[in-house]
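> Put chain V on the given structure of chain S with help from the hints.
The primary structure of each chain is shown beneath.
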Amino acid sequence: QSALTQPRSVSGSPGQSVTISCTGTSSDVGGYKYVSWYQQHPGKAPKLMIYDVSKRPSGVPDRFSGSKSGNTASLTISGLQAEDEADYYCCSYAGSYVFGTGTKVTVL
Amino acid sequence: QVQLVESGGGLVQPGGSLRLSCAASGFTFSDYYMNWIRQAPGKGLEWVSYISSSGSTIYYADSVKGRFTISRDNAKNSLYLQMNSLRAEDTAVYYCARERSGCSGGSCYTFDYWGQGTLVTVSS
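Taken in sequence, the protein lines are chains S and V.
Position one of the first sequence corresponds to residue 689 (this note's numbering), numbered consecutively onward.
Position one of the second sequence corresponds to residue 228 (this note's numbering), numbered consecutively onward.
For reference, chain V alone in the conformation it holds in the complex:
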């Protein structure tokens, strides 16, 4: 079955860096677009970043542009999020989410599987 397992979260000081990983299994990872989505404590969901199946197309939310970098290694079935210049407002649970496939034009604009998330806390 489809599994997405995030890791790499933790406590980091403002201005610091962290690299999140998402290990995928149960499906052909290289066929799917992937995303990072976050949820601040007690708050709603916020889309963070998208990467196409080949890694050639990448998008970011304005709130993280220039500070976060999404990448993937299809040989290792893994998705990554490098987070630099972290701020208190980046504190959240970070989920990796797979986009549903099989639509004309590529993206189906729907997140059909989510990992359990990893907590990032930015605090001094």
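Okay, chain S solo, but in the shape it has when bound:
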């Protein structure tokens, strides 16, 4: 399976909103409700931020939200904060698991 397509980078000022897209096919993102998003700070392990397209685990701020339309899933960070600067990866179940190419979020 090919990696899901994400923009290489997105940026925003503190307080603004940014949206990261994750584009796959009907065999992965479009075919299942099992899209998750992970945040990774440099040198650290990934952290689960969103699962089942739009659900937030306990402890994840509600400024993080997820959605899906067709073969594209999205992660939106509202009210951007300095600590949100990190790499973000989407992941879809597709018989096995396929990750996105990753997006670097920069807080200006």
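Honestly, the hints are just simulated from the structure, not real lab data.
Fair warning: there could be bad hints in the mix.
[What the hints assert, rightly or not] Heads up, incomplete: computed chain S residues facing chain V, CB under 10 angstroms, no partners named:
no., residue
1, GLN694
2, TYR722
3, SER724
4, TYR726
5, GLN728
6, ALA733
7, LYS735
8, LEU736
9, LYS743
10, PHE752
11, THR764
12, GLY767
13, CYS779
14, TYR785
15, VAL786
16, GLY790
[Stated by the list, open to error] Computed footprint of chain S on chain V, listed as stretches where at least three residues anywhere in the stretch have a Cβ under 8 angstroms from a Cβ of chain S:
no., segment
17, 265–278
18, 327–339
19, 342–349
Glycine included, C-beta positions come from ideal geometry on N, C-alpha and C.
Relative to the frame of chain S, chain V by itself:
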């Protein structure tokens, strides 16, 4: 609290072997499906292998099939990855990751906890 601690990484020559371990604590290990996921230096995440809670169901990525073997010892709360015939492209940080539980059908298809990873370098 949930802890996953990987070990066993290091430098190995092409064609060599290495066995990674992941020690789990803070939860009932035998109740959870587990996975290995890797990340090459400066690159994205790649799923490697999955094992069910009992060890009866196992899956591999095509890139490692026939060379890597996942296993677990529920009595020791440990997950393993035996890596043989290693190649330069296997160079990566290897993470063990727990799958979220409590879903109908078993798997929840989400990795809710990750270890800190162990670096495997394949080079002559």
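> The structure should be examined with respect to each hint, and the outcome stated for every one.
Verification of the hints:
1. At about 9 angstroms, the closest approach between the beta carbon of GLN694 of chain S and any beta carbon in chain V falls short of 10 angstroms, and the interface hint on this residue holds.
2. Because the closest C-beta pair between TYR722 of chain S and chain V is about 4 angstroms apart, less than 10 angstroms, the hint holds.
3. Interface hint at SER724 of chain S: satisfied, since its Cβ lies 5 angstroms from the closest Cβ of chain V, which is below the 10 angstroms cut-off.
4. A cut of 10 angstroms between beta carbons decides the hint on TYR726 of chain S: the least distance to chain V is about 7 angstroms, and the hint holds.
5. Of the supplied interface hints, the one on GLN728 of chain S holds, with its beta-carbon coming within about 8 angstroms of a beta-carbon of chain V, less than 10 angstroms.
6. Hint status for ALA733 of chain S relative to chain V: holds, with the closest Cβ pair at about 4 angstroms, below 10 angstroms.
7. Using the Cβ-Cβ criterion of 10 angstroms, the hint placing LYS735 of chain S at the interface with chain V is satisfied: the shortest such distance is roughly 7 angstroms.
8. A cut of 10 angstroms between beta carbons decides the hint on LEU736 of chain S: the least distance to chain V is about 5 angstroms, and the hint holds.
9. A hinted interface residue such as LYS743 of chain S counts as satisfied when its beta carbon comes closer than 10 angstroms to some beta carbon of chain V; here the least separation is about 9 angstroms, so the hint holds.
10. The criterion of a C-beta within 10 angstroms of any C-beta in chain V is not met by PHE752 of chain S, whose closest approach is roughly 15 angstroms, and the hint is violated.
11. Nearest Cβ of chain V to the Cβ of THR764 of chain S: about 19 angstroms, over the 10 angstroms cut. The hint is violated.
12. The closest approach between the C-beta of GLY767 of chain S and any C-beta of chain V is roughly 25 angstroms, which is over the 10 angstroms cut-off, so the hint fails.
13. Hint status for CYS779 of chain S: holds, given a least beta-carbon distance of 7 angstroms to chain V, under 10 angstroms.
14. Proximity of TYR785 of chain S to chain V holds as hinted, the smallest CB-CB distance being about 4 angstroms (cut-off 10 angstroms).
15. Here the hint on VAL786 of chain S is kept, as its CB sits about 7 angstroms from the closest CB of chain V, short of 10 angstroms.
16. Here the hint on GLY790 of chain S is kept, as its CB sits about 4 angstroms from the closest CB of chain V, short of 10 angstroms.
17. Counting residues of the segment 265–278 of chain V whose beta carbon lies closer than 8 angstroms to any beta carbon of chain S gives 5, which meets the minimum of three for the stated coverage.
18. Counting residues of the segment 327–339 of chain V whose CB lies closer than 8 angstroms to any CB of chain S gives 6, which reaches the minimum of 3, so the coverage claim holds.
19. With a threshold of 8 angstroms between beta carbons, the proposed coverage of the segment 342–349 of chain V by chain S holds, since 3 of its residues qualify and at least three are required.
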